Every structure is written in structure tokens, then in C-alpha cells.
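**Q** Given the coordinates of chain A, assemble chain B onto it according to the supplied hints.
Residue strings, one per chain:
2 protein chains.
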Amino acid sequence: MGTRVQQPGVGTTKTEYFTFAHPPNEFVLESGQKLGPITIAYETYGLLNKNKSNAVLLLHPSTEDANAAGFHAGSTQRGWWDNMVGPGKAFDTRFLFVICSNVLGGCGGSTGPSSINPQTGKPWALDFPVVTIADMVNAQRHLIDFLGIEKLLCVAGAQLGGMQALQWVASYPRRVRSAIPIATTLRHSPQQIAFNEVTRQAITADAEWRKGYYYGFGRPETGLAVARMIQNITQMSDRIMEEKFSRRLKDPGDTGFFTDDFEVEGYTKYRNDRFVKEFDANSYLYITKAMDQFDLSRGKLFASGRPIRTRFMVVGYLSDWLYPPYQALEIVRELKSHKVDATYCEINSKYGHNAFLMAADEQTHLIRHFVQTDIFW
Amino acid sequence: MGTRVQQPGVGTTKTEYFTFAHPPNEFVLESGQKLGPITIAYETYGLLNKNKSNAVLLLHPSTEDANAAGFHAGSTQRGWWDNMVGPGKAFDTRFLFVICSNVLGGCGGSTGPSSINPQTGKPWALDFPVVTIADMVNAQRHLIDFLGIEKLLCVAGAQLGGMQALQWVASYPRRVRSAIPIATTLRHSPQQIAFNEVTRQAITADAEWRKGYYYGFGRPETGLAVARMIQNITQMSDRIMEEKFSRRLKDPGDTGFFTDDFEVEGYTKYRNDRFVKEFDANSYLYITKAMDQFDLSRGKLFASGRPIRTRFMVVGYLSDWLYPPYQALEIVRELKSHKVDATYCEINSKYGHNAFLMAADEQTHLIRHFVQTDIFW
Chain A
-4 MGTRVQQPGV GTTKTEYFTF AHPPNEFVLE SGQKLGPITI AYETYGLLNK NKSNAVLLLH
56 PSTEDANAAG FHAGSTQRGW WDNMVGPGKA FDTRFLFVIC SNVLGGCGGS TGPSSINPQT
116 GKPWALDFPV VTIADMVNAQ RHLIDFLGIE KLLCVAGAQL GGMQALQWVA SYPRRVRSAI
176 PIATTLRHSP QQIAFNEVTR QAITADAEWR KGYYYGFGRP ETGLAVARMI QNITQMSDRI
236 MEEKFSRRLK DPGDTGFFTD DFEVEGYTKY RNDRFVKEFD ANSYLYITKA MDQFDLSRGK
296 LFASGRPIRT RFMVVGYLSD WLYPPYQALE IVRELKSHKV DATYCEINSK YGHNAFLMAA
356 DEQTHLIRHF VQTDIFW
Chain B
-4 MGTRVQQPGV GTTKTEYFTF AHPPNEFVLE SGQKLGPITI AYETYGLLNK NKSNAVLLLH
56 PSTEDANAAG FHAGSTQRGW WDNMVGPGKA FDTRFLFVIC SNVLGGCGGS TGPSSINPQT
116 GKPWALDFPV VTIADMVNAQ RHLIDFLGIE KLLCVAGAQL GGMQALQWVA SYPRRVRSAI
176 PIATTLRHSP QQIAFNEVTR QAITADAEWR KGYYYGFGRP ETGLAVARMI QNITQMSDRI
236 MEEKFSRRLK DPGDTGFFTD DFEVEGYTKY RNDRFVKEFD ANSYLYITKA MDQFDLSRGK
296 LFASGRPIRT RFMVVGYLSD WLYPPYQALE IVRELKSHKV DATYCEINSK YGHNAFLMAA
356 DEQTHLIRHF VQTDIFW
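From first to last, the protein sequence lines are chains A and B. Residues -4 to 372, numbered by my numbering, are exactly what the first sequence covers, in order. Residues -4 to 372, numbered by my numbering, are exactly what the second sequence covers, in order.
So that you can see chain A by itself, here it is in the shape it has in the complex (with noise of 0.2 Å):
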């Protein structure tokens, strides 16, 4: 009992911090508002090429960090793409350099609306400027320069990160060979906003969030927990629910009325959700908004006038309601209607939006085909 298998990976990682934009150098935002020193918490994995030609960018989904791959010493919790990254996976660490940051405006060790406003000696809160997928991109950038890395082999991820990744083609489409946008959008529907939207109310309307300044009180966790309820429910498709949690009566004995009945239902697990835990309030409301202004529809894509050559593979799953698959091909048509080279790859998988977390066959071949494709040795 207890006892870990260790499977391969990457082993014991650690979390590397980069700071720049030191005053009087400030880092300008895309609304104009100067912000600096901005730190940025990031991982490597695998070893950079002499030519520098082998670097994979990983963008995170909304609420990850910079650990995507192994575990950190004194834990046993895997990073959240740990399947995805490591030797003979589909990032493969024995051919790639593999990069993870944490976002601007997030809370796993980059500046964000907890750290400390160097003005006033106290965490930002809601003082924190407005960022936008395009400074988080901006920001990166800065990491891969510090990191001497002229052109990204490939970026990928899901969701937030492949929204990232749609970013960076926009923003310095001369940086980026090639681009895996997953389970994402151009755009957020209304539905995607709305649903966002929720969570935020469901927080903001906790008493602990104290109007955004709740640093030194206590944590926004009942409102945490419906968010991350609603996070859950959206992210699963109907059929793993069904397969996953069917109506098993969680015990019998039990016939309170408050009590959950349902095994689905598991509302107290969600009290002791990581995310309840430790994820900053906040950030998860600069993070989502950020999301929901997202917007590279309508030839946006391209507003840089600069050529895109990156070759990209979007991919969508078929159980996805969340990021439903028709948003994937828009992207997909979006890019071919502007002569990118862009292949669709749908994967037929039950689980939902969280498919991106499975490691499916398919996905692993996919992924570690296209990646390596064109590393220059």
C-alpha cells in the first residue's frame, strides 16, 4: 500500500525563476500600463542542441503552472502534462528541449495579482494591472531570449496554452517553426464566456474574496470550490460521468438530506482540491478574463502583415462541448484561407475537454511525429 511505481520520466524537477524589466525599464502592457520587475516561473526538460534548433514551448491550461512534467523533491504529485513529456513520450526529453512557463498574471511563482506591488509593499489584488494573452506571450518571449533561443522548434498546448500558442504565431510568427493549438478557440463563444463568467461570480461572491483584497485574511474557498465544480462538470463529457461515477449510492446507511447522496455529486473532495488549496482567487479572475477578451478571428491572426511559415497541427476531440471540434476546424480555415500549412487531427476520445490530459495512443503518435518532423540538427 503507498508504494509508487516509478514510471520513466523526467524525474526531480525544480522550478527556475527569470526576472527582467527592472525599473526604470518597464515592461509595457497592451493597454499602455508599464509593469516591472516581472518574474517568470518556468521548467526545463531535456537538453538544448548546440544550434539551439530542438526547443519546445509548453503553454498551460488556465489552471496550471510552469510543472508540467515530473515531481518536485519532498512531493509525489506529477506535473499536469507528465504523460505528455519525458523520454519515448510524445514530447520526447531524449530529442527536445522542453520549456514550461506559468503565465503573467498567474500564481504558481510569476508576477501576478498576489505578489507584491513594489509601490505600496503589498500584494497587488485588484491593482494589478489588466493583462492579455498577447502580454503573457510578450513575456515568454523575454524568457526565451534570456534562454538564447531564436526560433521555437514548436509550441504547444491546451486550451489557455493553445490559445498561447496561437499568440505567439501572431505576435512573432518568424519564432515559431511550427504550432500545436489544442482543444482551443480562436475566440470564446458566449457560451465559454458565460461559463467563465460563472465561476468568477461564484468566487466574487463569497465573502472571503473581501472585494479582491482578502491577502492576510482568508481564502475565497467555498466559492473556489463551485468554481472548480463548474470547471470539472464542463471539462468531462456526459459519457465519462455516466462511466465514471454511474448513480452508485455513495453509502447506503446514509439517508440525510444534505448528505451526497450521488457519487457524483463528491462536493467535499472539492474542499481539499489543490485548486481550492493554493490557486490565488485572483489570478483566476485576471487569468479567465483574459480568456474571454481573446480574440483572433477575422484575419486578427495575420495583423502583424508578416508571412507565417510555422506549419501548424490543430487538434479537437470529438467529446469535447466545452472546446466543441468546430471551433478547431475554424482555426484550421482561418489558416489554409491564408495559405498556412495546417492539418486538422480529430481524436476520437470519450473524455471530454480533459482528453488533452490523456496520453491516448493517437495523440502521443500525432504529436511526437509532427514535433520532430523538422528539428535541425
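Source of the hints: derived by calculation from the structure; they are not laboratory data. Do not take every clue at face value.
[What the hints assert, rightly or not] If the Cβ cut is set under 10 Å, some of the chain B residues that face chain A in the computed set are:
id	residue
1	Q187
2	I188
3	A189
4	E192
5	A202
6	V221
7	N227
8	K239
9	F240
10	W316
11	P320
12	L324
13	E325
[To be verified] Lysine-lysine pairs mimicking DSS-like chemistry, simulated, CA-CA at most 27 Å apart:
id	chain 1	residue 1	chain 2	residue 2
14	A	K345	B	K345
15	A	K45	A	K146
16	B	K206	A	K206
Source: prediction; values computed, not measured. Note that the Cβ used here is the ideal one computed from N, Cα and C, for glycine as well.
**A** Coordinates of chain B only, in the frame set by chain A:
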């Protein structure tokens, strides 16, 4: 401005109240607990014919009440199914005697958690006994007896209303000539339970809910508003949201971070929603719990052992992802496998679950024809 064009309808209506189960003759609930006296709020439209063969019982969805058609004196708010009930409409009051009763456990005038507990002289709150859909139907049966109706021409309703229609046939097969379960299911899927549970959690997370004993204090309106948003999102199709809201910016001059950038978010409107302002939070908890516990699958519809000669028309909507058509097909399969006369009608509406509120021509025509087929004059 403000002039209201009078559409043909049932005109001014009034809710009536029927009280039964006066102690010591209390009503025995499915749980074995006793309850009494019980009041059921109801309305009727049209006239009962001489041999009482033209009575139709409409069963309301979870957050509605007895006011299905017309409007109350002094109000311009029409009943929830006003466009389906009236002279020349789907339920044609020139020929039919239409009854709509508020459910036991509700807050539209029927006995429920906000009613006074005769033992204490205070509102029941969470001391109100658990009620099931079978209990709701048994209470309605007392009303139908009181109205002197031996056999209902039809029972019809959507969602919770459809569950009640199914339960009527399961409990009293000989008293129902025909049934129209609409956008409903033999039992909730884990996804449906999970969405209900998250709305309950949003309500109970509100400090104003006061662990259920909020009567005489405020109302948990923040929680109710979050619940209402979730309901609205899940009851609308992705496509209709896109058409309705697109991504029109509400006010291009307003760049505040926590303002509603997109019209879809319009959270503030929920603050003034009738549900948020008027619906009893505990009734909502009891009713949705009854829906989650409802289960007439796998032969339980036929558990009474009495033959079912009721004719069924089961209606599903192609764009309804909350109560998807496959659940309607399961009802039909279950009925057919027991040799019950059942037809499935799938309506190609774009409105999602809310389609049942739209008097689409096709729907009106199908229902009118089906209901009037066997009026026995």
C-alpha cells in the same frame, strides 16, 4: 410606449388553493413520514365537460408555478406556458379543461419548506420532510379527486413536469389516457445531477442562506443569482447564445476590469430576476433533490404491476444538451419494450432545453392533434 397588445389568451386568471390531509388524517410520504394539512395551489382554464373527459393536467418545470397561462389581476406577467395554453393554442381551452398545480415542496402557494410548521408556528425550513416526485404526484391525485375527475385526458410537462407525467402513469396508470413527457428523462445522468448539485452548492455557500434558516432575515440572493446563471447557460444551446449575444460589447467606453464586458455576462440582470427575488431557496433545494433522486428506469415505470394503456407522445429537442434526445429515446424504448403505445417526436429547434417554452408551429400542431384525438364527448 408601454401599451400591451392583448394576444388571444385565457385572460385574467387566479390561483386557487385546495387543502387536504387535515390531522389526524395525515398524508404519508414515500419516506414513511407524515405531513398535514397540505395545501396545493392550482389554476384551471376552460370548462370541464359533462362527462369530465376533457381534463388535461399540466405539470410545471422546476422553477415555475401554477400560473401556466393568462395573467393575474394587476400584473402583466404571463403564465410560463401562456403561448401553449388558450383558445386555438396547443392546449386548446375551447375544448379542454386545463389544470396546472404547483408541486408539493414548492413555493408558489403549495405546502413547502417556507410554509408554517403547525408544530412550531415557524417556517419549516430544513425540518420540512424530504419529498419525492411520487409524493408530488400523490398530492396532485388528491386535487384531481377533489375536482371529481376520474380519468385525465392527458398529463403533460417538460423537465420536472415530464418526470411528473411519467410518475402519474407509473402510480395511476388507469387514471391517465395519454401522456406527453417533454425534454425529460427516466432518471438524471451524473452530468444532470452534477449541474443541479453545483447550483445547490452556490446557494448553500451564500452566508445569507444561514444553513437553511433564513426566514425573517435576508434572502440568499447572491447564491440564487449564481444558480440562475448556471440554469440559464445549461438550458440554452451554444448556437442560440451565439445568435442572441454574439460578442457585442456592452459599452465600448467602459474598460473597467470587473464590469460586464460582454453582453452575455449581464450578471446584473440576474440580480433583478424574478427567480432570485421571489423563489424560495429551500424549495429549490428540495425540488432539485427530488429530480436527482427520481428513477423510473429499468422497469420501475411498470412496478405497479397494473397494465399501462396510456398513449404516449415523447418529445425531445435536437439542440437540448441538458436533457438530450437520447434520454427521450430511452423512454420510448422502455415503453415499447413493454408494449405501450408510444411515439417519439424530435423537434429540430435551435433553442436548447428552452425549446419547450417556444410554441413552435410543429410542436403546437403535434400536441393539439395528439391531445384531442381521444376526447370522449
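**Q** So which hints don't hold here, by number, going up?
**A** 11, 12, 13
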